[in-house]
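J.: If you want the building blocks of each chain, they are given just below.
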Amino acid sequence: MSNAVASGWIFILMILVTLDITLRFIFNAPLTGVTEIVEISIVTILYLQLAHTLKVGRVTRSDALYGRILETWPVFGNFLGVLFHGAGVALMVAIIIPGWSNWLKAYDRGYFVGNTGVFTFPEWPQQLVLVIGCTMLGIQFVLSIIDNIRGMFGLPPLEHEEAVDVEVDALGEGD
Amino acid sequence: MGGFEIGVISIIAMLLLIYIGMHVPVVLALISFVGVWIIKGTPKIAMALLWQASAKTVADFLFGVIPLFVLMGLLVSTAGMGKDTYDIAQNALRRVRGGLGMATVVANAIFAAITGVSIASATVFTRIAVPEMLRYGYKGRFAVGTVAGSSVLGMLIPPSILLIIFALIAEQSVGDLFIAGVGPGLLLTLCFCLLIAIMAYGFPNMVAEPGALDAHMEQDRMPAREFWAKLIPILVLVAVVLGGIYAGLYTPTEAGAAGAFVAFVFALARRRLTVRKLWDILVETGHITATLLFLIIAANMYSRMLGISGLPTELGQVIGGMNLSLAQLLAIYVIILIILGTIIDSVSIMLIATPLFLILLAPFNVDLVWFGVVTVIAVEIGLLTPPLGLAVYVIKSTLVQKDISLADIFIGAAPFALTMLFVLILVLVFPDIATYLVEIKDAFK
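Going down the list, the protein sequences come from chains A and B.
With my numbering applied, the first sequence corresponds to residues -5 to 169, in that order.
With my numbering applied, the second sequence corresponds to residues 14 to 458, in that order.
The hints are simulated quantities; they were obtained by calculation from the structure and are not laboratory data.
Note that beta-carbon positions come from the ideal geometry of N, C-alpha and C, so glycine has one too.
One should not assume that every hint holds.
What the hints assert, rightly or not - Lysine-lysine pairs mimicking DSS-like chemistry, simulated, CA-CA at most 30 Å apart:
{"no.": "1", "chain 1": "A", "residue 1": "Lys49", "chain 2": "B", "residue 2": "Lys290"}
{"no.": "2", "chain 1": "B", "residue 1": "Lys69", "chain 2": "A", "residue 2": "Lys49"}
{"no.": "3", "chain 1": "B", "residue 1": "Lys409", "chain 2": "A", "residue 2": "Lys49"}
{"no.": "4", "chain 1": "B", "residue 1": "Lys152", "chain 2": "B", "residue 2": "Lys415"}
{"no.": "5", "chain 1": "A", "residue 1": "Lys99", "chain 2": "B", "residue 2": "Lys53"}
{"no.": "6", "chain 1": "A", "residue 1": "Lys49", "chain 2": "B", "residue 2": "Lys53"}
{"no.": "7", "chain 1": "B", "residue 1": "Lys57", "chain 2": "A", "residue 2": "Lys99"}
To be verified - Computed footprint of chain B on chain A, listed as stretches where at least three residues anywhere in the stretch have a Cβ under 8 Å from a Cβ of chain B:
{"no.": "8", "segment": "29 to 36"}
{"no.": "9", "segment": "39 to 49"}
{"no.": "10", "segment": "56 to 67"}
{"no.": "11", "segment": "85 to 97"}
Chain A with its partners taken away, still in its complex shape (with noise of 0.2 Å):
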């Protein structure tokens, strides 16, 4: 779902990028804000993505080994899988503890981005979503885990999902 949302944000950005050179350079009337919606929309699509992004295995490894290692003892492989995503459990904690103080203080107390009289827009909702991204992928880091113990009892993971493919329809030949 979030994965979505964060999709169709990439677009809506380039719109709203594009539309405002446009505006610019033919209207001299850009628009404002603009610099700020780019960047609350970095962060925002981020958290949102990450989750899915590991879910279908694209965050970044080198898994040469590790796949050679997984194949030869799946046993130690699950194990060590276990212990590579229990690193990733703590470390979204590590980072929710104070991001969750940190988005109460900011919407307590009214931070905002941007120029008071030209445009504003409050702090807290981008830091919320890094809390609730974070929390997503600690979810799903604890999924991996729980596919890495049944993978140490043989058993097959939970569900699988693959990354679409789009690089498959690279040349642009159509369906």
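Fit chain B to the given chain A structure using the hints.
T.: Then chain B, alone, in the frame of chain A:
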């Protein structure tokens, strides 16, 4: 245990963890967290640091370049412009011996000017150029090697995601780096073509089956109408994106948006875009963006930790004491990058190694724009070297011809990797190759 020891141990632990397969951003965040905890004696500051980096690093207008240029690259591929560039280059070089190989190189160079991701180039040209070369009797090893070698042009010729990321971490102008990439990019294109010519004339058996080398010379010239129909969209995109940045009309972020929009219109006009496909492209853009930004944030945590540990300063003193010359320091840097490149992906390498060397190089007053170009070339050599050349793996997974093995691609790419090393040395010895155009631009101001 002092900050220095912790810094050194952290680097070793980091490389080890990355090598056995832990997610790179998790490794960087974990090492930073543990490092700061040990140095400061309390997890509280370490947690604050993680949050600070997560919330503040990418909340900047400049970071909008990443999703927008990625989106543009995917739209351009979907619009079929990769095939157009190859058709044009192939037809223009049809009377040249080894022309199909050179066409791959030239098409990559042109395609690089409208897309910023070299993985995109590798996939597109594996599908277009390899079958064409095989059809005319070129050797499989040569065909895939050429595609692998020339795909690295995508990261050197602007726009380029790697140049953008370097600009972000070294706090340099994206526009300047885009200009600096042009000279070395063209030089590399030229050297690749020369390499192919040397192979085609000197060692024809490495390139094609006996007698097959000249088979493609029989083709007719492409009709003018078709030629322009393929070329004009490419020129328009180059003008909108690079022209806009170079002329100072708008920022790189805005150029990315405009480029993506124009590519979107072309893809629509050619009826290559369904709602479903647009959606897939947007999701893919989201994944690539999240992957890159997550890495950048984690690397920011890591460089904050290094700052607290005092490692760069102390290392600077140690190296200062050794009286290393700039040349020696750069040689060490390049060797480290190439070695790392054999196991880690380009962006990660740059984010790990560059911040440290930026501090070490500070006393020498080097031109950081030039340094960025050197970094990108060195990192890209790693894409072609075993055991883990990323470009090579991408090609292998896209390849339809399953009889061409991973080893074949590495062997085929080896002459190209050596040529890159040659160009890298040229750029190191003659910095003007990269900086000349930037100086001209500055003179205009």
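J.: Run every hint past the structure and note whether it holds.
T.: Here is what the structure says about each hint:
1. Of the pairs offered as hints, the one joining Lys49/A and Lys290/B holds, with about 21 Å between alpha carbons and a cut-off of 30 Å not exceeded.
2. Of the supplied pair hints, the one linking Lys69/B and Lys49/A holds, its CA atoms being roughly 25 Å apart against a limit of 30 Å.
3. Proximity of Lys409/B to Lys49/A is assessed by CA-CA distance (about 24 Å); at most 30 Å being required, the pair is judged to hold.
4. Note on Lys152/B and Lys415/B: the hinted pairing holds, with a Cα-Cα distance of about 14 Å set against a maximum of 30 Å.
5. Between Lys99/A and Lys53/B the CA atoms are separated by roughly 25 Å; this keeps the pair inside 30 Å, and the hint holds.
6. In summary, the hint linking Lys49/A to Lys53/B is not supported, as the alpha carbons are separated by about 34 Å, beyond the 30 Å threshold.
7. For the proposed pair Lys57/B and Lys99/A, the alpha carbon gap of about 17 Å is at most 30 Å, so the pair holds.
8. Proximity of the segment 29 to 36 of chain A to chain B, defined as three or more residues with a beta carbon under 8 Å from a beta carbon of that chain, is established by the 6 residues found.
9. Counting residues of the segment 39 to 49 of chain A whose beta carbon lies closer than 8 Å to any beta carbon of chain B gives 7, which meets the minimum of three for the stated coverage.
10. Counting residues of the segment 56 to 67 of chain A whose beta carbon lies closer than 8 Å to any beta carbon of chain B gives 7, which reaches the threshold of three, so the coverage claim holds.
11. Taking a C-beta to C-beta cut-off of 8 Å, the segment 85 to 97 of chain A contributes 7 residues in contact with chain B, enough for the three needed, and the coverage statement holds.
Against the hints set out earlier in the document, a violation occurs for number 6 only.
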